[in-house]
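Trainee: Knowing the structure of chain A, use the given hints to seat chain B on it.
Those protein sequence lines, which keep their order, are chains A and B.
Take 5 as the starting number for the first sequence in this note's numbering and just add one per residue.
Take 1190 as the starting number for the second sequence in this note's numbering and just add one per residue.
Just so you know, these hints were derived from the structure itself, not from any lab.
We put the beta carbon where it would ideally sit given N, CA and C, even for glycine.
Be aware that a few hints might be false.
Said to hold, decoys possible - Label-pair ranges, simulated between beta-carbon atoms:
hint : chain 1 : residue 1 : chain 2 : residue 2 : range
1    : B       : Gly1563   : A       : Ile144    : 41 to 47 angstroms
2    : A       : Thr139    : B       : Gly1242   : 32 to 38 angstroms
3    : B       : Asp1418   : A       : Glu45     : 52 to 58 angstroms
4    : B       : Gly1242   : A       : Thr134    : 26 to 32 angstroms
Said to hold, decoys possible - Reference listing, derived: stretches of chain A covered by chain B, where coverage requires no fewer than 3 residues with Cβ under 8 angstroms from a Cβ of chain B:
hint : segment
5    : 20-34
6    : 62-70
7    : 94-106
8    : 140-154
9    : 158-167
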Amino acid sequence: MKVWSYGDDINTDMLFPGKYTYTCAKPDEIKPHLLEDLDPEFAKNVRPGDIIFAGKNFGCGSSREQPVVGLRAVGIEAIVARSFARIFYRAAINQGLLLIECPEAVAAYKPGTPIHLNLKESSIAVGDQTCKFPTLPPEILAIRDAGGLLEHTRAKLRAKAGAR
Amino acid sequence: MSMTFAEKVLARKGGQKNARAGDLVTCKPDRLLMHDNAAAITDKVAKDVAEFGIADPEQPVIILDHVIPASDEKTATSHKKIREFVKKYGIKHFFDIGTGVCHQVMVEKGLVLPSMLAVGSDSHTCSYGAVNAFATGIDRTEAAALLLTGETWFKVPESIRITIHGRLPEMVSAKDLILTIIGEVGADGADYCSVEFWGDIGHLTIDDRFTIANMGVEMGAKNAVFPVDEVTKGYLQEIGVGRVTWNPEWADDGATYRQELTWDLGEIVPALALPHKVDKYKPVTELAGTEIQQCLIGTCTNGRASDFAVAAAILCGKKASPNTRLLILPASRTELEEALDAGDIETLINAGAVLLPPGCGPCLGAHQGCLAPGEKCLSTSNRNFKGRMGCKDAEIYLASPATVAATALTGKITDPREVV
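Okay, chain B solo, but in the shape it has when bound:
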């Protein structure tokens, strides 16, 4: 029987020979991710954990990233409670503030590997499909129950197969590709589905695949996943993961798909998502000249050294427009260090950028870089919802690092192909 990636992983993890879309299976995920919300999660089951213990101290991963450093007494107290919980119950995988955005840290520390099953109390858990994991978001209550039992139920999703051909043009990136895909598929186009990426993926780095898988949830996907190839193997070797510790998984020939879609990478152009929906696609050229008060380059979507290299190449020896604020938000300490070594952070600071600590920062509007009514922000993050950066009367446009860097130069939405 031919199976999709999702059917194969969930069958294996559920201890079954086969699984079909629509089946319910009970599985023990390899990983359970929590972040600052671990304070609320562990609160829910404080008494139960004391009575029954943690199902598997190897399964939970806690990474403090959402409001770091703490912005007030309340968030500081949450962080303190989490640190105490980690100590008390011997949680094996804990990363304190400044390590990075949880999703980046999960991948770069090798905590998620090919064919693993990971759940996380955050919607962008789907990012780990970049390294061939089946990864999906859950809510806080389910995370709390997982601490006690170690297992949960999954409905085996239908799958969508996306095939890409060719190569992306100069100054066009994986971000432009995924914004284009979401624009066409729609914010609900992949609801409940597993999205598999096929075709000429060899040109896409792990960073590119991360950007794409990260935004899978913006079209409603349960998970978004790439196969293992030489690029994946090279990356895992680079981060020090031994070959014997993982096995790849991929769909069989003849597996059943709900939908099959194809994109020619050569036709992708610099893209925007307009306020207040991620599927409101427009080519950058159509909005060129729109004044922007804040430019954000970073987050788990586009805050890696490779993203800062693109931005630095555009801003090298130049100054950002005095009419806009340029914020730099590294996805992790490791990525920050790499960008520092390359000299790109220095270049960006010299251009007038403000460097934020590796974490979620302004992306969800809790602190650092909130917007004022009437302001417009051009951001490399993954969401442009109303109120997302702390103000319901502000507007957020999404774009690639190249487009945001080009825009920082002029203070107006600018096609990056025009500044190089």
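Chain A on its own, in the form it takes in the complex:
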């Protein structure tokens, strides 16, 4: 597992350039352009289970779900940041991508520090420091756990149609 580490205010243009937004929507079209203008090595070398660490306001800027779809498709296990911008945060819930808002973990991280994620305990170990992170309210967690908003919505609609 590799940790990819970035700074503050990483915007969605850096995560997925605007020039592709109306021509790429499917995971395989998105993957080669992930983080293209931020880190050309990322798309080539990212592996399932990798984690991203970042500073404040990760995902700010345009409403752009391709980076969320793409990061999930390449198997990013979680993004750990000091804070997230809100449209990106919702988009991650809607795609079932795990975001962890944990300034302590970001502060503790240095290149090479081993990371261990414990979802059951809502904690992340950075070296020998264990940091707790806030969980989502149950009704929002249900969206992520259903595999994303569309699956969640379909299940609700089917239940409603079945009840009729």
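Mentor: Showing chain B alone in chain A's frame:
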């Protein structure tokens, strides 16, 4: 119980008496905006829509603006799919290419009104706070789900109260004010928050308020909003919205704010946001003389007739520098027509400007006016992110229409107060 604007709107729309920051409420937004991304959105739920139908054909609004006219076969096919979807499912509010940038069209067609709740699959949906709507951006998947259910969840945001005093000086505009505010608050300073504007707002036109609310998201705000006053009422009357169709909403005295900030408008000076962040504020004077290869006046932030009037006054009877390209991008057909009637478009064309069709154009780098490596663009748009205009090795500076027009004259960043 005293509530903020956000708490009041979300309580009402959620069918509750009260709401507090942090609460989760489920609401049916009055409007759901989509643009060219409606092709990708409707693709996600094509089968589901066929099975369950559209929750409310009155709720979605689709406006083609991002890559118009289509730049290639792929975007042309997307537009075609959207037109077919609109017909098939009886979408009531559809505007084809050339009507304008979606946000401008939403406001000028009266599709968003005071106290309405609007969501849109575009971050600058927050613009509608100019006319007292609670408006915020969502992603494509959430828009797709809304087509099926008509409703979504909201976390009631904390609020920030910004009070302004006095009047803006000559050649200083609402754009300079909001760039100054963002510079101080920071790109994440209003993350997740509702930003309310209070104080001497009577001098700010709806165009000014639009520019300010439009950029709320650049400080992370969920929404940015102005109260209804005589200016709002006059505007709604002008666009033909009857008084009985809307109700204003505003915060109660004694509501709770996370932060309260104050600005003296008299102290605002022509402002820039330096590459590659909107909160990298500098006064124009500090960068004066920087050579600029492309000047862009327009977009949903500053592409209204009033913006072109400011630019035309500066460029009237003169020629833009041969060392720069001047692009004009109207926010809508209506605004273009008004600027044409005023003679301002003719003035700008005579000065050497290139007129682009009302839409998003070079703002997001998909087509029309992309930059080359090493070039610098001075733009009235709302974002200067790396790669934003199609090239990661170019630089974008943000400024007011007056500053961009003054700069077009000289080919170098120029303080507009020096050319009048």
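Trainee: Next step is simple, just say for each hint if it's right about the structure.
Mentor: Tested hints:
1. Look at glycine 1563/B against isoleucine 144/A: about 45 angstroms separates their beta carbons, and that is inside 41 to 47 angstroms.
2. At roughly 35 angstroms, the beta-carbon separation of threonine 139/A and glycine 1242/B lies within the given 32 to 38 angstroms, and the hint holds.
3. Roughly 53 angstroms separates the CB atoms of aspartate 1418/B and glutamate 45/A, a value that falls within the hinted 52 to 58 angstroms.
4. At roughly 50 angstroms, the beta carbons of glycine 1242/B and threonine 134/A sit outside the given window of 26 to 32 angstroms.
5. Coverage of the segment 20-34 of chain A by chain B holds [criterion: at least 3 residues with CB-CB distance below 8 angstroms; count 7].
6. Counting residues of the segment 62-70 of chain A whose beta carbon lies closer than 8 angstroms to any beta carbon of chain B gives 6, which reaches the threshold of three, so the coverage claim holds.
7. Coverage of a stretch by a chain is defined here by at least three residues with a beta carbon nearer than 8 angstroms to that chain's beta carbons; for the segment 94-106 of chain A and chain B the count is 4, and the condition holds.
8. Requiring three or more residues with a Cβ within less than 8 angstroms of a Cβ of chain B, the coverage given for the segment 140-154 of chain A holds, as 6 such residues are present.
9. Only residues whose C-beta sits within less than 8 angstroms of a C-beta in chain B count toward coverage, and the segment 158-167 of chain A has 4 of them, enough to reach three; the restraint holds.
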